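Numbering (this note's numbering), first residue to last: 1 to 392.
The set of hints was computed from the structure by calculation and includes no laboratory data.
Owing to the predicted nature of the structure, the values given are computational and were not obtained by experimental measurement.
Hints may contain errors.
Claimed, not checked - Below, simulated SDA-like cross-link-like pairs (lysine to any residue); rule was C-alpha separation at most 25 Å, straight line:
hint	residue 1	residue 2
1	Lys-293	Asn-136
2	Lys-312	Leu-364
3	Lys-320	Leu-364
4	Lys-79	Lys-312
5	Lys-262	Ile-173
6	Lys-220	Lys-262
7	Lys-361	Tyr-279
8	Lys-361	Tyr-345
9	Lys-82	Pro-195
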Amino acid sequence: MKKNNYYWDFILVGAGLWNSIIAWYLRQYKPKLNILLIELNSSISKDHIWSFHQHDISSSQHIFIKPLITYSWPSYQVKFPKFNRQIFSGYYSICSKHLNSCLKQNLGNNNFLFNNKTIEIITPTSICLNNREIINANCIIDGRGLKDFQFKGVYQIFLGQQWYLSSPHGLNIPIIMDATINQKKDEYRFIYTLPLTPNSLMIEDTRYTKKSFLTPDMLKNSIHYIQEYAFKNKWKLVKIEREEVGCIPIPFKNKKIIKFKKIVCVGLRANLFHVTTGYSLPIAIQLAENIAKYSTTTTQINFIFLLKLVKKFIIKHQKKQRFFYLLNRLFFLSNPRSHLDIMQYFYSLPEKTISNFYANKLSLFDKIRIFSGKPPISLFQALHTIFFKFIK
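Given these sequences and hints, build the entire structure.
Listed below in structure tokens is the structure:
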């Protein structure tokens, strides 16, 4: 075996969102750390856009990631058959290309390894590639995403297309949910739109469905929905600038998707995401900050201590997600005809409750508020959904 005698402080396996944010925070907190970011494809991070709401993270975290933010808006809107509403809370997006550029400037080219090799063996302090090369570190962080797994729940799948238009679209703020489109009985569907430049839009067809991927027919249908939506809004599409397809699990209950085996795991591999909305960027920022703060307290990174830190973070996160697992069961195991009504009711609630929902900071009062008034699901139907359909 070709053994590399150089020891890195951190080797971050998988250069997606999570490890990119961790690398950024580590460099800001402790610039002298030796960090190796490994991507097993030919380039870092596929062409993605990740978004978050203003109150998802703290003001100090906003300052730390400000250089990474590609697009920002002072508010956003939602659209339903009964009303349109503007939510006066900031909305932000990070584009993978901009993130990559910031990381390269911040870390330097010598801190990246791009290849088409696979990892044969991964241990807490080393990786072995399929060319038999061994690379060592004080700690390995595995952020390669999620492989096949089984769980009880549904999926959030989407096709996003960034279009250049023949004339300005006139949209000043994002529409994060337009549910005025045709709904199917077995899924909840909406269009998500980001105004990137005066003549450029990201239009995304999103569905909550039992399907774990876009079949050819579904893909064709999504393209039709996007084009039909653009036509309805009098946006003349000229050319596609980029395209993104995604699938996020929406589970009904907490389940360990992967056993740690003493490896520090992050992201979907560690079941770290908002289980109802699918958002993960704010959680990545919170964990990255914790890891970076730890790095400043020691002269040598200890993977055992870091593993305990990450496990503690995951346990705390899962406890905060319990209410959202309940909401998932209520929403997706209820009568499909009530899906639109439920979402419409939720977005009629006070802005503070909506912000706390996305930020995973629901108070007891917020939870009561979600079920008070005239919710679309009766108490009897809710209990039936929780205790009978779920058990079945």
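What are the numbers of the hints that this structure violates, sorted from low to high? Of the numbered hints, 4, 5 and 6 do not hold.
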